[in-house]
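J.: Sequences are here, hints too, so could you generate the full structure?
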Amino acid sequence: MRASLRPATAACVAVIATGMLTSACGEGPATDASAAPIKIGLLATLHGTYAAVGTDIQRGFEVYLQSHGGKLGGHPVDLKVADEGDSAASAMPAALNLVNDEHIVAMTGIVGGGTVAAVAPMLREEHIPLVSANGRPGMDTVDGFWSTSFTSSDPGTAIAPFIKSTVAGPVFVIGPDYQGGRDEIGGFVNTFVAAGGKIANPGGEPLWTPFPATTNFMPYFDQIKRTGAKAIYAFYAGKAAIDFVKQYRRSDARTIPLYGAFLTEGSVLKEEGDAAVGISTVANYSADLQNAENDRFVAAWRQAHPESPTPTTFAMASYDAAAVLDRAIAAAGPRLTPEAINEQIGRLGDIPSPRGAWRFDANHGPIQKWYLRQVRAGEQGLTNALVQELATIGG
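Numbered by mature numbering (1 follows the signal peptide of the UniProt record, and there is no 0), the letters in the sequence shown go through residues -26 to -1, 1 to 369 in order.
Bear in mind the hints are in silico, worked out from the structure with no lab data behind them.
Heads up, a few of these hints could be off.
Result set (DSS-like, lysine-lysine): computed pairs, CA atoms no more than 25 Å apart in a straight line [to be verified]:
id: 1; residue 1: LYS172; residue 2: LYS204
id: 2; residue 1: LYS138; residue 2: LYS199
id: 3; residue 1: LYS172; residue 2: LYS138
id: 4; residue 1: LYS220; residue 2: LYS204
id: 5; residue 1: LYS343; residue 2: LYS138
id: 6; residue 1: LYS45; residue 2: LYS13
id: 7; residue 1: LYS220; residue 2: LYS199
id: 8; residue 1: LYS199; residue 2: LYS213
id: 9; residue 1: LYS204; residue 2: LYS138
id: 10; residue 1: LYS172; residue 2: LYS199
id: 11; residue 1: LYS244; residue 2: LYS213
id: 12; residue 1: LYS54; residue 2: LYS13
id: 13; residue 1: LYS220; residue 2: LYS244
T.: Below, the structure is given as structure tokens:
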């Protein structure tokens, strides 16, 4: 293991100067429990294909802070936001800056599964907990890593049995060619085929579109139409989802039912407009859910963002990441360190949430319900209306 990237903290230097050296000087940045300010790093895509996702992640965390007096665990929070970009290559320097220059006590956010895979080992070596707020890859080691969202294969796993029982024929599968896309699509294909479903793609293999370069999907829709598929399953988000949905509605494949993950989530739905009506998606959250936590979350979100009145699953997971850190920091005791925060996260039980109460499983992801939603017109305009519960995954 290489030496720590962080210099000695000011708190340690002060203790050494008075001759009272303690073992805490070997830990990460520490603060006194008397509500000293703390720095939390938020890494998210703020430009590029997934900027809409990253913006929702940032806003979800900020809504929680605004609803709790700008504090987590009684400590005023200095939220340090950095741009992840579209790849791990652009994310890593930003993450290193948060660690080396900002001396954060915890990190959250992260849009891309590839970024998680790249950043998590560095944070683990630095003993800084990561509470991610979007899809994550499968990981061999989860020490110091926690996810309030989902494993990237979960959405497809949750909806595959429903599609198998609903669609009378083969399903065409398409998604972006990068780690997160392959994980998302893989969850569907593996579960669907195991249940006896047939893939309409030639050779039975998903069609992978170059990421983030693909903006013209019309040739792919022509190909889908020729296969005789009875349904389409796709994963796209952000700008790619807008292009995919709009072109789907103009294509000869528009009469084929479209199912997917994140195709109509968040601000992209407004951009897609009527082209999205009738599209069914799988998610771990709907603003329609009836519980007190969701009522509070939706009200706080609408007060902060009246121009975008329906909160997304991305915002919800980030709101929950803040809630996890709030509880863990409060429980961490009189000397707050990254190590103490991580230890207390592991001791959390049920976590009240807008999606319904959930808890971490052995792989540090949530045990949670998944839902089928369909785009319909509502009081707030087009919404991802809740249709039914699909499955509970985790554990």
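J.: Hint by hint, which ones does this structure get wrong, listed from lowest number up?
T.: Of the numbered hints, all hold.
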